[in-house]
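What follows is the residue order along each chain.
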Amino acid sequence: MRRRFARLLAVGLPPLLLLLGAWLLAGRIEAELAARGIRSGFAFLLQPAGFEIGESVFEFHAGYAYWQAFLVGFANTLRVAVPGLLLATVLGALIGCGRLSPNFLLRALCTAYVEVFRNIPLLLQLLTWYFLLTEKLPPAADAVEFLPGFFLSKSGLAFPLPAFAALDGAPAWPQRGALNIEGGATVTPEYLAVLLGLAAYTAAYLAEIVRAGIVSVPRGQVEAAAALGLTARQRLRWVVLPQALRLIVPPAGNQYLNLTKNSSLAVVVGYPDLVSVANTTLNQTGQAVECLAILIAVYLALSLLTAALLAAYNARLLRRGGRA
Amino acid sequence: MSAWLRRNLFSGWASGLATLLVVALAGALLPGFVEWAVARAVWAPDAAQCRALDGAGACWGVIAEKWRLVLFGRYPYAEHWRSALATCLLIALLAGSVLGGRQLARPARLAALWGIGLPASVFLMAGGALGLSPVDTARWGGLPLTLLLSLGAVGLALPAGILLALGRRAALPAIRVPCGVYVELVRGLPLIPVLFIAAFLFPLFLPPGLGADVLLRVLAALVLFAAAHLAEVVRGGLQSVPQGQYDTARALGFTTWQAQRYVILPQALRAALPALTNSFVAIFKDVSLVTVVSLYELTGALQLALAGDADWRPYFLEGYLFIGAIYWTGCFALSRWSRRMEERLGRG
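Sequences listed follow chains A and B, in order. Position 58 (the first sequence) corresponds to 182 in this note's numbering; numbering is contiguous. Position 222 (the second sequence) corresponds to 308 in this note's numbering; numbering is contiguous.
Calculated from the structure, these hints are not laboratory results. Where hints are given, some of them may not hold.
[Unchecked claim] Pairs of lysine to any residue, SDA-like flavour, derived with a Cα cap of 20 Å:
#1 A:Lys260 to B:Leu116
#2 A:Lys260 to A:Phe274
#3 A:Lys278 to B:Gln135
#4 A:Lys260 to B:Val124
#5 A:Lys260 to B:Gly143
#6 A:Lys278 to A:Ala236
#7 A:Lys278 to B:Phe402
#8 A:Lys260 to A:Val311
#9 A:Lys260 to B:Asp395
#10 A:Lys260 to A:Leu169
#11 A:Lys260 to B:Gly141
#12 A:Lys260 to B:Ala133
#13 A:Lys260 to B:Glu121
#14 A:Lys278 to A:Leu320
#15 A:Lys260 to B:Asp140
#16 A:Lys260 to B:Val120
#17 A:Lys260 to B:Phe402
#18 A:Lys278 to B:Asp140
#19 A:Lys260 to A:Pro226
#20 A:Lys260 to A:Leu285
#21 A:Lys260 to B:Leu139
#22 A:Lys260 to B:Pro162
#23 A:Lys278 to B:Pro400
#24 A:Lys260 to A:Gly344
#25 A:Lys260 to B:Trp122
#26 A:Lys260 to B:Gly410
#27 A:Lys260 to B:Gln135
#28 A:Lys278 to B:Gly141
#29 A:Lys260 to B:Ala181
#30 A:Lys260 to B:Ser88
#31 A:Lys260 to B:Leu403
#32 A:Lys260 to B:Ala123
#33 A:Lys260 to B:Ala138
#34 A:Lys260 to B:Cys174
#35 A:Lys278 to A:Asp266
#36 A:Lys260 to B:Ala396
#37 A:Lys260 to A:Ala236
#38 A:Lys278 to A:Leu261
In this text, all values refer to a predicted model and were calculated from it rather than measured experimentally.
From just these sequences and the hints, can you work out the full model?
As structure tokens, then:
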């Protein structure tokens with residue numbers, strides 16, 4: 125009887141304590157908010173935001189509601205994260221392979237890249253990119269045309285649009301105007317700094333993952349494939365990559381998630397991502413609990429999504445492994 | 087020599103092409119960089135001379151002029167020696183623990199060393215007794231703040247992380263589930279929202295005395311964040327210890343806790359040490375984010391030192407390179423140490 129009671133206590137007590145703690149905490153916060161005269165609830169989302177957002181994929185101005193501002197922020201987060209992870213993947217794969225090159229100079233260069241970019245805080249890298257892009261580049265009137273149609277200057281990057289995407293009458297091909305670049309599409313230096321910073325930083329981690337994945341394939345496998353008469357390309361395609369990818373994909377997926385989470389650092393260079401919008405909203409309305417709850421929900425959904433995708437990939441690999 | 091060259095630089099047409107490309111790249115960039123960073127650089131703290139350069143050379147004079155503000159932030163100028171002493175003490179402790187060899191390898195000695203050294207450096211910073219004037223934590227800044235926050239976060243988060251990792255393996259769902267939920271929830275969040283929680287939510291429920299101190303709130307946020315990440319690393323180490331070890335310990339009469347304490351954890355932590363060190367590097371880098379909630383660690387102190395001074399504002403790049411070098415040295419040394427441990431553990 126006594127033992128049963130003890131077990132019941134052991135099972136029931138921790139959740140009870142947690143609930144009690146949460147209840148006390150919630151009561152305390154509510155009392156404090158009431159004392160400060162701050163409303164609670166999500167009704168504020170429907171009110172006009174009253175602030176402008178520097179760049180947006182949708183039309184947005186101060187009269188739009190807070191929920192639309194959050195949407196713009198979220199779209200901005202994705203707008204920088206998705207190209208960022210594509211760029212990081214290409215760069216990371218190249219550098220990871222370069223670290224295994226028989227060429228000494230290339231190997232040293234790639235090793236140096238990884239050691240430099242991994243060992244400096246991302247925040248500092250973003251600030252440096254932003255400073256270089258806004259202070260060291262020429263003004264828009266003397267923009268550098270580094271590729272035909274690609275103009276880089278203090279006010280960002282102008283590049284040609286595919287003809288079907290051109291907006292009402294504006295020329296799809298950017299051209300030098302009197303004071304700035306006219307036509308084409310442009311991205312701001314804030315966007316560029318975050319994109320380049322995230323891609324360069326994440327590429328260093330991806331390079332290490334790619335390298336470890338390739339190294340993990342035993343030499344004997346490659347030698348056996350060569351003995352069977354497979355060419356270098358066939359060896360890579362049919363022997364090395366299928367085995368290396370099993371080890372590369374799960375940590376690479378985590379790096380993609382990290383990149384998306386790290387895009388929250390955009391707030392330091394003034395790029396209006398989700399966190400930046402939440403921060404502004406929070407300062408205007410004082411409704412910290414709600415704003416932070418939205419942030420937590422969004423990032424949690426993103427990480428659950430990544431976890432689900434990786435699990436699906438793993439399941440597919442296992443199924444294939446079983447069939448072979 | 088020529089055999090080495092052939093093998094390492096020109097082993098095939100692809101390798102030869104890569105060599106030429108790298109050499110061409112270096113030829114295009116290096117001379118310009120050396121000219122900027124060394125040949126035409128101004129080393130004296132002379133703003134007029136720097137302005138005359140017009141960007142053709144680096145203005146290292148900005149470091150010569152501002153290094154005390156960058157390294158120590160808003161700490162009272164006359165008391166900078168205390169910040170410097172605390173920094174040296176912390177670096178000496180770190181170097182001693184890593185390089186101390188067998189003399190210091192015993193946990194008890196290490197604990198005693200840190201048990202004296204860490205409070206001593208906090209006292210040096212805070213003052214308030216022994217003739218040292220009190221300095222409010224809101225004015226701490228620069229390198230000592232970065233070091234104290236990193237060490238404090240690691241020191242407090244590691245025990246919490248170990249408990250969480252053990253909790254996730256507990257038989258009771260009532261313990262396992264909350265630990266698992268906590269770890270996964272926090273690991274899914276970026277650090278910045280967690281810092282916002284510390285800055286905006288903690289004051290709502292903490293007693294005013296405790297809630298008023300930004301430094302403590304931010305430290306608490308870093309600990310909550312790091313604990314979840316370290317828990318996952320420790321769990322990896324725990325999984326590497328075979329179940330038989332636990333069963334044997336139980337058969338020999340160890341209680342559950344004794345088995346964990348004397349048999350499982352020592353092996354698990356040993357196995358997890360390289361991964362733990364990587365997490366420490368990540369925490370050290372992450373501390374730079376506290377600047378978004380107005381604590382002026384190294385990066386924030388640099389902004390503070392340069393942004394308000396029209397003479398020196400154009401030379402942020404030199405400042406970024408300076409603190410980048412400090413961060414790089416710390417992270418690189420730690421990761422090198424981690425690799426050495428990995429090799430030693432792999433052999434042993």
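These are the hints, each one checked on the structure:
1. A:Lys260 to B:Leu116: Satisfied, since the Cα-Cα distance of roughly 18 Å is no more than 20 Å.
2. A:Lys260 to A:Phe274: The given pair, whose Cα atoms are some 18 Å apart, holds under the 20 Å limit.
3. A:Lys278 to B:Gln135: Given that 20 Å is the threshold and the Cα spacing comes to 25 Å, the pair is violated.
4. A:Lys260 to B:Val124: Answer holds: lysine 260 of chain A to valine 124 of chain B is near 19 Å, not above 20 Å.
5. A:Lys260 to B:Gly143: holds, 13 Å
6. A:Lys278 to A:Ala236: violated, 29 Å
7. A:Lys278 to B:Phe402: holds, 16 Å
8. A:Lys260 to A:Val311: Cα-Cα ~17 Å, so holds.
9. A:Lys260 to B:Asp395: holds, 19 Å
10. A:Lys260 to A:Leu169: violated, 40 Å
11. A:Lys260 to B:Gly141: This hinted pair holds, its Cα atoms lying about 9 Å apart.
12. A:Lys260 to B:Ala133: Holds: lysine 260 of chain A and alanine 133 of chain B sit about 19 Å apart, inside 20 Å.
13. A:Lys260 to B:Glu121: With Cα atoms ~16 Å apart, lysine 260 of chain A and glutamate 121 of chain B stay inside 20 Å; holds.
14. A:Lys278 to A:Leu320: Holds, because 15 Å separates the two Cα atoms, which is no more than 20 Å.
15. A:Lys260 to B:Asp140: Roughly 11 Å separates the two Cα atoms, so the pair holds.
16. A:Lys260 to B:Val120: Holds, at roughly 17 Å.
17. A:Lys260 to B:Phe402: Since the Cα atoms of lysine 260 of chain A and phenylalanine 402 of chain B sit roughly 11 Å apart, the hinted pair holds (cutoff 20 Å).
18. A:Lys278 to B:Asp140: Holds, at about 17 Å.
19. A:Lys260 to A:Pro226: violated, 37 Å
20. A:Lys260 to A:Leu285: Measuring from Cα to Cα gives roughly 26 Å; hence the hint is violated.
21. A:Lys260 to B:Leu139: holds, 14 Å
22. A:Lys260 to B:Pro162: This hinted pair is violated, its Cα atoms lying about 34 Å apart.
23. A:Lys278 to B:Pro400: Holds, at roughly 15 Å.
24. A:Lys260 to A:Gly344: violated, 51 Å
25. A:Lys260 to B:Trp122: With Cα atoms ~13 Å apart, lysine 260 of chain A and tryptophan 122 of chain B stay inside 20 Å; holds.
26. A:Lys260 to B:Gly410: The hint holds at about 19 Å.
27. A:Lys260 to B:Gln135: holds, 19 Å
28. A:Lys278 to B:Gly141: holds, 16 Å
29. A:Lys260 to B:Ala181: Measuring from Cα to Cα gives roughly 39 Å; hence the hint is violated.
30. A:Lys260 to B:Ser88: violated, 43 Å
31. A:Lys260 to B:Leu403: holds, 10 Å
32. A:Lys260 to B:Ala123: Distance ~15 Å between lysine 260 of chain A and alanine 123 of chain B Cα, so the pair holds.
33. A:Lys260 to B:Ala138: The given pair, whose Cα atoms are some 16 Å apart, holds under the 20 Å limit.
34. A:Lys260 to B:Cys174: Roughly 36 Å separates the two Cα atoms, so the pair is violated.
35. A:Lys278 to A:Asp266: holds, 10 Å
36. A:Lys260 to B:Ala396: holds, 17 Å
37. A:Lys260 to A:Ala236: violated, 24 Å
38. A:Lys278 to A:Leu261: holds, 5 Å
Violation of the numbered hints given earlier is confined to hints 3, 6, 10, 19, 20, 22, 24, 29, 30, 34, 37; the remaining hints are satisfied by the structure.
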